[in-house]
Amino acid sequence: MESKKIWILLSLLLVAVLVATGCQAGPGAEEDELQVAFIYIGQPGDLGWTYEHEQGRLMVEEELGDQVNTSTVPDVPEGPDAEKSIRDVVNQGADVVFTTSFGYMDPTLTVAQDNPEVIFEHCSGYKTNDNMATYFGRMYQPRYLSGLVAGRMTENNQIGYVAAFPIPEVLRGINAFTLGVREVNPEATVNVVWTNTWYDPVKEREAAQALLDEGVDMIAQHQDTTEPQKAAKEAGVLSIGYDSDMAQFVGDTVLTSPVWNWGTYYVDTIQEILDDTWEPHQFWGGLESDVVKLADLSPKVPDDVAEKVDEERSRIIDTEWDVFCGPINGQDGSEMVAEGECMTDEDMLSMDWFVEGVEGTLE
Amino acid sequence: MNEAMIVSLLTITIRAGVSLLYATLGEIFTERSGILNLGVEGIMMTGAATAFAVAFHSDSAWLGLGVAMLVGAMMSFTHAFLTITLRADQVVTGLALTLFGTGLASFMGQRLGPGGETMVGLQGPVFPRIPIPVLEDIPILGPSMFNQDVLAYALYLLLPLMWFYLRKTQPGLHLRAVGDNPAAADVLGVPVKLSRYLYTIFGGCLMGVAGAHLSMAYLQGWAQNITGGRGWIAIALVIFATWDPLRAAVGALLFGGINALQFRLQAAGTTIPSSFLNMMPYFFTILVLVLITWGEAVRKRLGAPAALGIPYIREEKH
Numbered sequence: 010m011e012s013k014k015i016w017i018l019l020s021l022l023l024v025a026v027l028v029a030t031g032c033q034a035g036p037g038a039e040e041d042e043l044q045v046a047f048i049y050i051g052q053p054g055d056l057g058w059t060y061e062h063e064q065g066r067l068m069v070e071e072e073l074g075d076q077v078n079t080s081t082v083p084d085v086p087e088g089p090d091a092e093k094s095i096r097d098v099v100n101q102g103a104d105v106v107f108t109t110s111f112g113y114m115d116p117t118l119t120v121a122q123d124n125p126e127v128i129f130e131h132c133s134g135y136k137t138n139d140n141m142a143t144y145f146g147r148m149y150q151p152r153y154l155s156g157l158v159a160g161r162m163t164e165n166n167q168i169g170y171v172a173a174f175p176i177p178e179v180l181r182g183i184n185a186f187t188l189g190v191r192e193v194n195p196e197a198t199v200n201v202v203w204t205n206t207w208y209d210p211v212k213e214r215e216a217a218q219a220l221l222d223e224g225v226d227m228i229a230q231h232q233d234t235t236e237p238q239k240a241a242k243e244a245g246v247l248s249i250g251y252d253s254d255m256a257q258f259v260g261d262t263v264l265t266s267p268v269w270n271w272g273t274y275y276v277d278t279i280q281e282i283l284d285d286t287w288e289p290h291q292f293w294g295g296l297e298s299d300v301v302k303l304a305d306l307s308p309k310v311p312d313d314v315a316e317k318v319d320e321e322r323s324r325i326i327d328t329e330w331d332v333f334c335g336p337i338n339g340q341d342g343s344e345m346v347a348e349g350e351c352m353t354d355e356d357m358l359s360m361d362w363f364v365e366g367v368e369g370t371l372e
Numbered sequence: 102m103n104e105a106m107i108v109s110l111l112t113i114t115i116r117a118g119v120s121l122l123y124a125t126l127g128e129i130f131t132e133r134s135g136i137l138n139l140g141v142e143g144i145m146m147t148g149a150a151t152a153f154a155v156a157f158h159s160d161s162a163w164l165g166l167g168v169a170m171l172v173g174a175m176m177s178f179t180h181a182f183l184t185i186t187l188r189a190d191q192v193v194t195g196l197a198l199t200l201f202g203t204g205l206a207s208f209m210g211q212r213l214g215p216g217g218e219t220m221v222g223l224q225g226p227v228f229p230r231i232p233i234p235v236l237e238d239i240p241i242l243g244p245s246m247f248n249q250d251v252l253a254y255a256l257y258l259l260l261p262l263m264w265f266y267l268r269k270t271q272p273g274l275h276l277r278a279v280g281d282n283p284a285a286a287d288v289l290g291v292p293v294k295l296s297r298y299l300y301t302i303f304g305g306c307l308m309g310v311a312g313a314h315l316s317m318a319y320l321q322g323w324a325q326n327i328t329g330g331r332g333w334i335a336i337a338l339v340i341f342a343t344w345d346p347l348r349a350a351v352g353a354l355l356f357g358g359i360n361a362l363q364f365r366l367q368a369a370g371t372t373i374p375s376s377f378l379n380m381m382p383y384f385f386t387i388l389v390l391v392l393i394t395w396g397e398a399v400r401k402r403l404g405a406p407a408a409l410g411i412p413y414i415r416e417e418k419h
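First to last, the protein sequences are chains A and B. Sequential numbering from 10 applies to the first sequence in my numbering. Sequential numbering from 102 applies to the second sequence in my numbering.
Treat the hints with care, since some could be wrong.
Footprint (simulated), chain B over chain A, 3 or more residues, beta carbon under 8 Å [as the list claims (entries may be wrong)]:
#1 48–61
#2 198–212
#3 227–239
Hints were generated in silico from the structure; no laboratory data involved. Model, not experiment: these values are computed from the prediction. A virtual CB, placed ideally from N, CA and C, is assigned to each residue, including glycine.
Given these sequences and hints, build the entire structure.
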């Protein structure tokens, strides 16, 4: 019995130590600095979605470090559980909270309504409040540019696309990419395989492998790991990355990647809050705002392709034209956007159809 | 579907099945001794992280594998100590092990790269695919079965051995006795606690190998949350395979195979909704394993070790 007591004592001690060390985490206690918290869906080390938000946070630290104090909560699942994490950072004294995944929308709104003195910024959603804004990027623009590259570089005109979920954001990306592909190569088709997960290295690889077996000679993707790019490279096939510049991790077989770049937005927004000029908004920035970019082109891309990309990029930045301006046909060949017309933001945000040239199902 | 596509499908089926089967076999031996180890997911993930980290820094895939096995053994030893010696609740302890393991692996993934940076995106030593001369010339089966990595070949040997050990040898009989009726085994002179310790630790080693296969053979690199719930699939497979190694192999191959097949159906232009196709591996694996065990299941009440999850205490009267 004596030994059992010792074990209980030891266990209690262990718990006490863990609790004590755990309490040291969270935002620092310097009162006069603006406390900014970031809620992440994954780990900053994922080199994908969360990594890019982390790069933005680091830019805030660098540029406004003497006025703000930032903190992060990684690995917060979407849905009701997120509410607890958001409440926790508010209770720990956060003045501004950035929630960086679509599924945090309702929890963010709930906590925002309970804490009117705190400012909330939710990424990729559509609900706002007096103290809650949304922000996102027109990723379809760099995706279109990456499609130009893919369309020129495919040899057999079959391009594979590993995609997460059939929701408007992803459909918009596939459509923009395909419009880019067919702008320079009207013969090419884009074959879509759904994984129904944002993040599963094994599934993403297997989906890419299935497309490669089907004979595609180019892989694009809307996922959060580099596995489709790695599978393509192992099969001796070129690819287009996403999220961050995947050529850094996979090599020059990744021709380019449409990438997120949150730093400028984060710094500007926090500056507004510091200046007390912040107002609720729905920010959807394109290439002109630098929130979305096309990563540097691989040395494998010929100069004339690079010139075409630059040309189209300036057309978009100069607002001469946007990706979803007609004429655009749907998957079955029927007219979806007439010549001379452009889709409204609202239509783009609720897109539920494929353009001509996409092979795949919508569910 | 032409021959090359069938070969590719079979190859990926086996490649995806290997790590799943290592984990499932580990859990089968653990549970056969009466210990339920729900820490599979955590052990696999920590195994994958340590295997890759060690292999990367030492430039030796074998050293990585060894360390992954050692880590699996240590983690399952913790489970054994808490549940066998301290008689803690096996479910709670196992879940804690998974929480600990996934957290630890994620932490290591962020810190064990060069200069304390992330391991994501690094390329380290791998277990390459090695075609076996002569055998690889068999049509279809040759290039798929006999163009795999060393860990897959080891499994080809290990699987029948484990089945034979469990079914046909005296130590195997003792193992089943410890899981079914520890008091009787004790009377027969089988060291119940020691057996449970050993098989739990052995099972943990195999789970470590399962993780190592993911990060050094299948994906050839570290990714956060690399196992993606495959540890839980392994636990489910144990039940549907009715604690039998050969049926576990059927289940693991089915799961890997149908998953690969459904992506191929999508790529080939089927009109079936992808969400339905994505569900198929889970659905069919369960269905097939239920069907092939149906007759026996009724007779043998599913074949679960009778003392699974129950601590053995010698003095207690039942």
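Hint check:
Note: the stretch 48–61 of chain A has 6 residues with beta-carbon separation from chain B under 8 Å; the three-residue rule is met and the coverage holds. Only when three residues or more bring their CB closer than 8 Å to a CB of chain B does the claim for the stretch 198–212 of chain A stand; here the count is 12, and the claim holds. For the stretch 227–239 of chain A, the stated coverage by chain B is satisfied: 4 residues place a CB nearer than 8 Å to a CB of that chain, which reaches the threshold of 3.
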